[in-house]
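Peer 1: Sequence:
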Amino acid sequence: MNGKFSFSKISDRVFTTLFLSIVIVTLSGCVDTSRPLYDDAAKMNNLSVGMTKAQMIEILGTPVSISARDDIECANYTLLPHSIDYHSSFPRQYNAVLINGKIIEYKQGSCYMDEAEQVKLFTRFNSLRIGMDESDALTYMGGSSRGSRTVDGKHNFECVDYVFNFYYNAFHTTSLQTRFVAFRNGKLIGFGNSQCRQEDSPDNFAPRGKYH
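The sequence shown lines up with residues 29 to 240 when you count with the working numbering.
Everything labelled a hint here was simulated from the structure, so no lab data went into it. Glycine included, C-beta positions come from ideal geometry on N, C-alpha and C. Please note that the accuracy of each hint is not assured.
[Claimed, not checked] Below 25 Å or equal to it, Euclidean Cα-Cα: the simulated PhoX-like pairs (lysine-lysine) are:
| hint | residue 1 | residue 2 |
| --- | --- | --- |
| 1 | K238 | K215 |
| 2 | K135 | K81 |
| 3 | K135 | K71 |
| 4 | K130 | K71 |
| 5 | K81 | K130 |
| 6 | K81 | K71 |
| 7 | K182 | K130 |
| 8 | K182 | K135 |
[What the hints assert, rightly or not] Derived Cβ-Cβ restraints for the label pairs, each shown as a range:
| hint | residue 1 | residue 2 | range |
| --- | --- | --- | --- |
| 9 | Y140 | P119 | 13 to 21 Å |
| 10 | S203 | V92 | 21 to 29 Å |
| 11 | S229 | G137 | 33 to 41 Å |
| 12 | G220 | N184 | 16 to 24 Å |
Go ahead and model the full structure; you've got the sequences and the hints to work with.
Peer 2: Here it is, written out as structure tokens:
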């Protein structure tokens with residue numbers, strides 16, 4: 029009869045619904061939530077100092093923005109860090125600084141040209157070599173961050189202070205720090221974390237002194 033209630037049809041539907049629910053729950057339990065669905069920022073780990081611009085783009089893609097000044101390039105990327113759910117994480121800024129088309133630094137945060145200039149200068153500072161001619165070393169360092177100069181004719185000693193503006197992304201603050209570059213008889217004899225007035229100490233020129 030058409031108006032007769034059918035328990036068998038209802039039972040079949042209930043069974044089918046329960047069966048599909050069990051299958052869905054079982055499959056959901058097999059999803060590896062430790063593996064991120066989105067992890068673009070992890071590609072930054074594939075970069076290394078010395079890579080070319082072409083290699084950078086091959087790994088990260090085209091930068092969101094890029095600025096240039098002389099031989100410096102500042103490339104900015106917007107990447108999504110480790111996340112198993114797109115809605116639980118937000119894109120963050122990452123950058124790479126290049127000189128003459130090669131990476132010298134890369135990190136989280138935006139890149140600004142003034143900061144990139146400081147990175148370039150500090151990279152040059154760390155690549156100075158003891159024994160370099162004074163004129164070559166000073167030309168190599170340039171004059172953008174050059175500070176005071178100390179001349180000690182008695183010991184044929186000359187020293188130049190360089191002031192670096194370090195930027196800390198985590199705290200969005202800057203810190204001015206001084207590094208010295210010292211010469212004697214026209215040759216580079218020292219450079220490091222100090223100031224010229226401290227390096228031009230009589231003790232440094234005494235027997236067994238730093239510059240004796």
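Peer 1: Which hint numbers does the structure go against, in order from smallest to largest?
Peer 2: Failing hints, ascending: 7, 8.
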